[in-house]
Amino acid sequence: MSSLVLMRILESAPDRYDAGMRVLSLGAVPRLHEQAARLAVHKAGARVLEIGCGTGAVTRLLLERGANVEALDHSPEMLDRARARLGDHWTGRLLLRESTAAEIDALPAASFDAVVASLSLSEMSASERTYVLAAAVRALAPGGRVVIADELRPRLLWQRTVHVVVRLPLALLTWIVTGTTTHAIADLGGELAAAGLRTVEEHRSALGTLAAVAAERER
Amino acid sequence: MTRVTETLRDLLQTLLRMVPWPTEPGLRVIGNPGRESPVVITCNYDLTVRRLTRALRGIDAWLVVAPSRGINVWCAAAGGLLTTSQVVTALKTCGIEGRVQQRRAIAPQLAATGVVASEVARRCGWKIRFGPVYAEDLPRYLRGSSRKDESMRRVRFGWDERAQMAAAWGFPTSVVLGLAFAIAQPAWAIAIVAQTWAMSLACFFVYDRMGRGRWPLMWAAATACSLGAVAAGDGGGAALATAAGSTTLIMAVLTYDFAGGTPIEGGSHFEARQWHITLDPGRCEGVYSCWEVCPEACFAKHEETRKVEIAHASRCVKCGACVVQCPQDALFFTDQDGRRIEPDVIRRYKLNLLGHRFETGETGDSGETTAN
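Same order as they appear, the protein sequences are chains A and B.
Numbering-wise, my numbering puts 232 at position 100 of the first sequence, and it's gapless, one number per residue.
Numbering-wise, my numbering puts 1620 at position 354 of the second sequence, and it's gapless, one number per residue.
One should not assume that every hint holds.
As the list claims (entries may be wrong) - DMTMM-like, lysine to aspartate or glutamate: derived pairs with alpha carbons at most 25 Å apart:
| hint | chain 1 | residue 1 | chain 2 | residue 2 |
| --- | --- | --- | --- | --- |
| 1 | B | K1584 | B | D1601 |
| 2 | B | K1393 | A | E230 |
| 3 | B | K1584 | B | E1290 |
| 4 | B | K1567 | B | D1546 |
| 5 | B | K1393 | A | D212 |
| 6 | B | K1567 | B | D1603 |
Honestly, the hints are just simulated from the structure, not real lab data.
Work out the full structure, taking the sequences as your base and the hints as a guide.
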């Protein structure tokens, strides 16, 4: 959704983040969160690593589906919001930790059934994405999957045209207010393949700009 | 890139300095570096990266560009965009670990308010040293066994920096006002643009040296000049009123965040002025990290007692770099009521501009401990 660019404004005040994201994306972001959680948790007790948990919206959905979750974010403020949202209900099944995505390389190999990144991969530089995807693959247990929910560049020309037209004024506004914008991932499939992953399930929004993708190790 | 395009890019980015200008984070090769060559870290503000690259000409080094959303080192570090996390991410993901044997890197001194050296070491094994404030001093620093004299540690804010900041404020303000007048009153547009530039230059060259009552003083001088110019040009009552109004408006814009536009003043907002750096001498063990990173050289070393002293408290700009780096937590912010903000709060919440530190200070450990 092109209005995702406005998330930059919301990030400057985590208190407003969730409500703002819901309104600006016309409900698309909560749907994306649902899809990500559904793709990541196949059974109760699944061990899920979440990269860039933000205010904990996806984290809660993962927990509600019965997963044991280790959720990371580099921002102490976002983690504060996540703690406030999730409360003490999930003791024993949730570990919230301040960490960058790159530091998942220190986690034990083959220790997670799913690694989830919702709206965080597109925030990274190309070299960081490559590193993080490789580390995510290493962290996956046999049969595990990487789930990416993010802003992607649409595939079809008409979608890309509409995307640019709708996005431009919003991006400009956000850039004026916050001095930055989001960057849709141009070739997620290619990056997943380079990390030794193949896409097994994908859900795209009508405009093709938001997608939840599940990928597993190449056999 | 040719010298002409490089110069044009410098000019454009100086005029639009308020705007982030990101360049791709990652590893840059300077000269012909080897496995023992120095590793230098900076932000991903394009102007900084290019200036640093030019400053390092003739030296073999690795340059690690950390993601700071295209913001310069000082602003990004204070605003939470160039922190331990960004430096850890850059060092781990840019490929430098496979290129060098050592795990030592030099970060710009002005990053010290955001990047916690001990945390970087704990999280990824790299030892961070804070180099000079200015890129141009880096070659001297590297040749001098990584030692900093006071000239390398202090922010200078010399005439060239003042001119750059005047341009950074004057250009966008003059464009907006110039366009507005070009539509409403075309005959005055050029005069308004000239007035904006003149006031911006005056502001950034003398405002910080004017002491108390500087706003009305500066405003009166600027108003007198503009009214005098209008009167000399036989302008009527409407022109005089417009000149007075535009002077006030331009003054308000230029001075609203003057402290934020310079590296030599503390916070311009009321809350920021209430908090002061305080030293607990009992905790100080003479590591001197505060002395190393203070951009105003506020600290003095006492080698015989292995303690520091806040020798020049009036120069403090409250960036918090000393608090962030002190391994003994011997430094913290306090206010006149004895409330204090703990070092960990400063380390965690960089967004002091949005008041997060103060909120936390007031609702956290208010009033329990007094320092000194």
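Taking the hints in turn, this is what the structure says about them:
no. : hint              : in the structure
1   : K1584/B x D1601/B : holds, 12 Å
2   : K1393/B x E230/A  : holds, 20 Å
3   : K1584/B x E1290/B : violated, 31 Å
4   : K1567/B x D1546/B : holds, 15 Å
5   : K1393/B x D212/A  : violated, 29 Å
6   : K1567/B x D1603/B : violated, 28 Å
In this structure, the earlier hints numbered 3, 5 and 6 are contradicted, and the remaining ones agree with it.
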